[in-house]
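Colleague: The primary structure of each chain is shown beneath.
2 protein chains.
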Amino acid sequence: MKIVVQKYGGSSVADTTKIMKIAERLKQKVNDGNKLAVVVSAMGKTTNKLLKLSKEITKKPSPRELDMLVTTGEQIAASLLTMALIEIGIKAKSLNAFQAGISTTSNHTDANIKDIATEKLKNFLNNNDVIIITGFQGITKDHDITTLGRGGSDTSAVAIASALNAPCEIYSDFPGIFTTDPRLFPEAKKLKHITYDEIMEMSRLGANVLHPRAVEIAKKYNTPLYCGATFSDEEGTIIDNKENLENPVVTGMSIMVKQTQVTITNLPTDHAVVNNIFAYLGERNINIDMISIIHLNDNLNLSFTYIEDDQNYFEDVMENLKFEFHECEIKYSHGCTKISIVGLGMRSEKGVASRFFQALKNIHVELVTTSEIKISALINKKYMQDAINALAKEFKL
Amino acid sequence: MKIVVQKYGGSSVADTTKIMKIAERLKQKVNDGNKLAVVVSAMGKTTNKLLKLSKEITKKPSPRELDMLVTTGEQIAASLLTMALIEIGIKAKSLNAFQAGISTTSNHTDANIKDIATEKLKNFLNNNDVIIITGFQGITKDHDITTLGRGGSDTSAVAIASALNAPCEIYSDFPGIFTTDPRLFPEAKKLKHITYDEIMEMSRLGANVLHPRAVEIAKKYNTPLYCGATFSDEEGTIIDNKENLENPVVTGMSIMVKQTQVTITNLPTDHAVVNNIFAYLGERNINIDMISIIHLNDNLNLSFTYIEDDQNYFEDVMENLKFEFHECEIKYSHGCTKISIVGLGMRSEKGVASRFFQALKNIHVELVTTSEIKISALINKKYMQDAINALAKEFKL
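Chain order of the listed sequences is A and B. Here this note's numbering is used: the first residue of the first sequence is 10, the next is one more, and so on. Here this note's numbering is used: the first residue of the second sequence is 10, the next is one more, and so on.
Calculated directly from the structure, the hints in this document are not laboratory data. Some hints could be false.
[Claimed, not checked] Within a straight-line C-alpha distance of at most 30 Å, the following computed DSSO-like cross-link-like pairs (lysine-lysine) qualify:
hint: 1; chain 1: A; residue 1: K123; chain 2: A; residue 2: K199
hint: 2; chain 1: A; residue 1: K30; chain 2: B; residue 2: K267
hint: 3; chain 1: B; residue 1: K54; chain 2: A; residue 2: K54
hint: 4; chain 1: A; residue 1: K64; chain 2: B; residue 2: K251
hint: 5; chain 1: B; residue 1: K38; chain 2: A; residue 2: K30
hint: 6; chain 1: B; residue 1: K58; chain 2: A; residue 2: K69
hint: 7; chain 1: A; residue 1: K27; chain 2: B; residue 2: K64
hint: 8; chain 1: A; residue 1: K131; chain 2: A; residue 2: K44
hint: 9; chain 1: B; residue 1: K58; chain 2: A; residue 2: K36
hint: 10; chain 1: B; residue 1: K150; chain 2: A; residue 2: K54
hint: 11; chain 1: A; residue 1: K30; chain 2: A; residue 2: K54
hint: 12; chain 1: A; residue 1: K27; chain 2: A; residue 2: K11
hint: 13; chain 1: A; residue 1: K131; chain 2: B; residue 2: K54
hint: 14; chain 1: A; residue 1: K405; chain 2: A; residue 2: K199
hint: 15; chain 1: A; residue 1: K38; chain 2: B; residue 2: K44
hint: 16; chain 1: B; residue 1: K54; chain 2: B; residue 2: K64
hint: 17; chain 1: B; residue 1: K267; chain 2: B; residue 2: K390
hint: 18; chain 1: A; residue 1: K402; chain 2: A; residue 2: K68
hint: 19; chain 1: A; residue 1: K44; chain 2: A; residue 2: K123
Work out the full structure, taking the sequences as your base and the hints as a guide.
Modeller: In structure tokens:
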């Protein structure tokens, strides 16, 4: 039994016409001798519509009830796609998380998959050509419904593929993975291949292609991934652990907008103070990204970034911080952009950082962070397009 | 622990404003010392919208997938109402059919409840003030999702009340049960009380108040029912098995429109022929209602009614019938109305039939059927209003 796992995102199943087209695609694949386990997201804007209803009732919905609410979206898409398959003569069955045996931890709205009932799924595949599984959701040992957080349907698909020891194909509106976001840099090239490590860095750095958690699972189980366009035969991108000697030094570039830089000056040079500040922010669920610390005379100056999603709340937190360390001064720089280059080749190739800064020579870089396979720079958003163009030219992206 | 079961229909939970109002009502009831098990239907037109999606894909959707699809509607309503309760400080939890342990037969779209996990529900009620249960749905032993057919949420509520040995309150837009449909006869009176047997006949005869299956379960377990308006303090109607000596002879009147009368003449007098005709129609899922057979000379004439919901299909079936009994002639009379009076008092009181026909003396009655507690007449729809007025006046409805 040759099993393939596929995942279709929300815009691929946005209406019944698209659902019927996907059914025809699946029929072709079945006729080619495959058994399919297909993971679907909710149709188009369904999840947002459901969230809007919950917001009409409360600003802070019970996480358990929120999961109960939004998981209906995938069940709708799964049952409609299954109907469409049965209509064209394919033996198919839809399965929600409980029926598919997708066990998760109990942290609602951001649960982790603990186990998948592999034998149960294989049994369903023995009796059907296609099983359609609701993405994004799971079930706790107490039979509460959970969701997997952002990018959850990718995670479902990769986890199911890993459990079934099958390859996983992720379909969306994008025909594959590009060197950088084509909306920001139209000349971006589509990659034929990228490694788990590279796509993971790119995803973390803002490329909205695949959720890092999904890639992590694929890497752990060495599950081959493929990203392609739902309604096109154009060749997509293969993701696996094979390093290609011919690969370029820099594989891709990621852009994250809406960054705020916070600079705190006049702190005492006691390092415990910095630890306390980060502990204080961590306890309040504020995620800090790039960090730079500079000692100047008898003072310590700290600069870091966070994503502008909950700004008012953040500034409240910072005002309280000021109250604790009353000597310090806090400055904000809103609307920054983080631009990063990623590539396995950077591990061995020297001079990449120098080429990076040379390319950005006319642009004021506010903060820099590096890892083994990436360099990130924080810049004012007015320089964003110039920086994209310069780096794409320098690294042939 | 004083438990009350309540059921809210689709129009009662049609939007989030109404859902929040219901939450306030439930809070009041909790503060009065009750534990509540609340059954909800899908919000407003949700079920119709879901059915419309399925119709875009296929005229004949897989019943299993149809159940998978439409049951999301109740889950949405249940989670939103639970959020609203938690928001105002009430300990609440939503439960779908699987979580509530509502086991059914496996005949999709029209399943019957086999068992309810009473201890599980009591446990949920021990740990919460209110549990909100999705109506209309159940789960098979293989964990497939089923629905209970028309009036399914009423059936869910009454079955849960019966299992918990609690009274059941059914809330809708109607402030109770009327002697007849107030839309057809605005002077109809609201009943303070009616017996299970009477409401069952009235429901079967076209009163859209409570589904007969729900009443049957209530009667079997002697579960007290109450029907009232969701957003009003007006007194509703109590339904139980207590016969009141002071009750009128006729309690109510039911009207069913869209009846077709079929008359077949020139059949052989062999009674097996009639049996064959009904077996033939039964196999094709055509439900026959009123039946009259008259022998005339050496021929047999048969007349019966059915509800005009699948007319074209029905006439195809009848044409084939003609082919089998080629001597016979088939006549159709479309758009008839069945008008019925119901009352426990008819069992003992004489002359009710005579009063019935006297009231209808200027109206041509096409067919008549009677039972212990009702008389039904089929009439041309143009006489409907006259017949309603005459019978309401005669029996003081």
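Colleague: Give a verdict on every hint.
Modeller: Now the hints, each set against the structure:
1. K123(A) / K199(A): 34 Å, violated
2. K30(A) / K267(B): Cα-Cα ~39 Å, so violated.
3. K54(B) / K54(A): 18 Å, holds
4. K64(A) / K251(B): Status violated; Cα separation ~47 Å.
5. K38(B) / K30(A): At roughly 51 Å apart (the allowed maximum being 30 Å), K30(A) and K38(B) break the hint.
6. K58(B) / K69(A): Cα-Cα ~28 Å, so holds.
7. K27(A) / K64(B): OK: K27(A) and K64(B) at ~15 Å, within 30 Å.
8. K131(A) / K44(A): 10 Å, holds
9. K58(B) / K36(A): 27 Å, holds
10. K150(B) / K54(A): Status violated; Cα separation ~34 Å.
11. K30(A) / K54(A): Holds - the C-alpha atoms of K54(A) and K30(A) are around 19 Å apart, at most 30 Å.
12. K27(A) / K11(A): Given that 30 Å is the threshold and the Cα spacing comes to 26 Å, the pair holds.
13. K131(A) / K54(B): 38 Å, violated
14. K405(A) / K199(A): 12 Å, holds
15. K38(A) / K44(B): This hinted pair is violated, its Cα atoms lying about 53 Å apart.
16. K54(B) / K64(B): At roughly 15 Å apart (the allowed maximum being 30 Å), K64(B) and K54(B) satisfy the hint.
17. K267(B) / K390(B): Status holds; Cα separation ~9 Å.
18. K402(A) / K68(A): 46 Å, violated
19. K44(A) / K123(A): Holds: K44(A) and K123(A) sit about 25 Å apart, inside 30 Å.
This entry does not satisfy hints 1, 2, 4, 5, 10, 13, 15, 18, going by the numbered hints stated previously.
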